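Peer 1: Sequence:
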Amino acid sequence: MATPDFIRTIRASAGHQLLWLPGVSAVVFDDHGRVLLGQRADNHKWTVVSGIPDPGEQPADAAVREVQEETAVRCVAERVVMVKAGDRVTFDNGDICQFMDITFRCRAIGGEARVNDDESLDVGWFDVDGLPTMDERQVFRIKQALSDEPTWFQPTSLE
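So in the working numbering, spot 108 of the sequence shown is number 118, and the numbers just go up one at a time.
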């Protein structure tokens with residue numbers, strides 16, 4: 011994921027220390043029930059589209075924008091399917107981040123899926139029963155988007 015300018019500004023004074031950041035993910039389905047995935051340029055993994063909202067940007071708007079920017083597909087956000095704090099991530103340059111991700115189920119309304127920026131190596135539509143090899147957390151997002159369950163969140167620990 012390309013680093014937004016506002017994060018670069020924060021990093022100029024914060025250095026590599028942990029930044030707690032908002033994140034959005036979009037599980038986009040087409041009219042055939044296929045899911046839109048991108049193969050990331052940084053680690054070559056297949057994932058749902060994700061990104062960082064701009065300051066003041068509504069999360070659903072950020073998810074829709076990220077899909078358009080990365081894949082040229084236009085979509086609408088239909089509902090929140092998951093809210094989850096991710097694990098800490100240490101990037102190759104030493105920067106440490108942790109994301110609070112809001113995952114949206116989205117419906118494609120136009121555009122042709124293609125690599126639309128430098129963040130992806132490949133982009134495509136996949137049948138849910140024919141997904142490429144993916145991290146379990148990505149598969150879990152897709153399963154949650156397909157379910158009729160209410161928004162998933164980590165239950166509170168009673169310890």
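Be a bit skeptical, because a hint or two may be false.
[Stated by the list, open to error] No more than 16 Å apart at the CA atoms, straight line, and that leaves these computed lysine to aspartate or glutamate pairs for EDC-like:
#	residue 1	residue 2
1	Lys55	Glu159
2	Lys55	Glu122
3	Lys94	Glu79
4	Lys55	Asp128
5	Lys153	Asp137
6	Lys153	Asp139
7	Lys55	Asp132
8	Lys94	Asp132
Simulated from the structure, these hints should not be mistaken for laboratory data. None of these values were measured; they are calculated from a predicted model.
Peer 1: Checked against the structure, which of the hints given earlier come out wrong?
Peer 2: 1, 2, 3, 8
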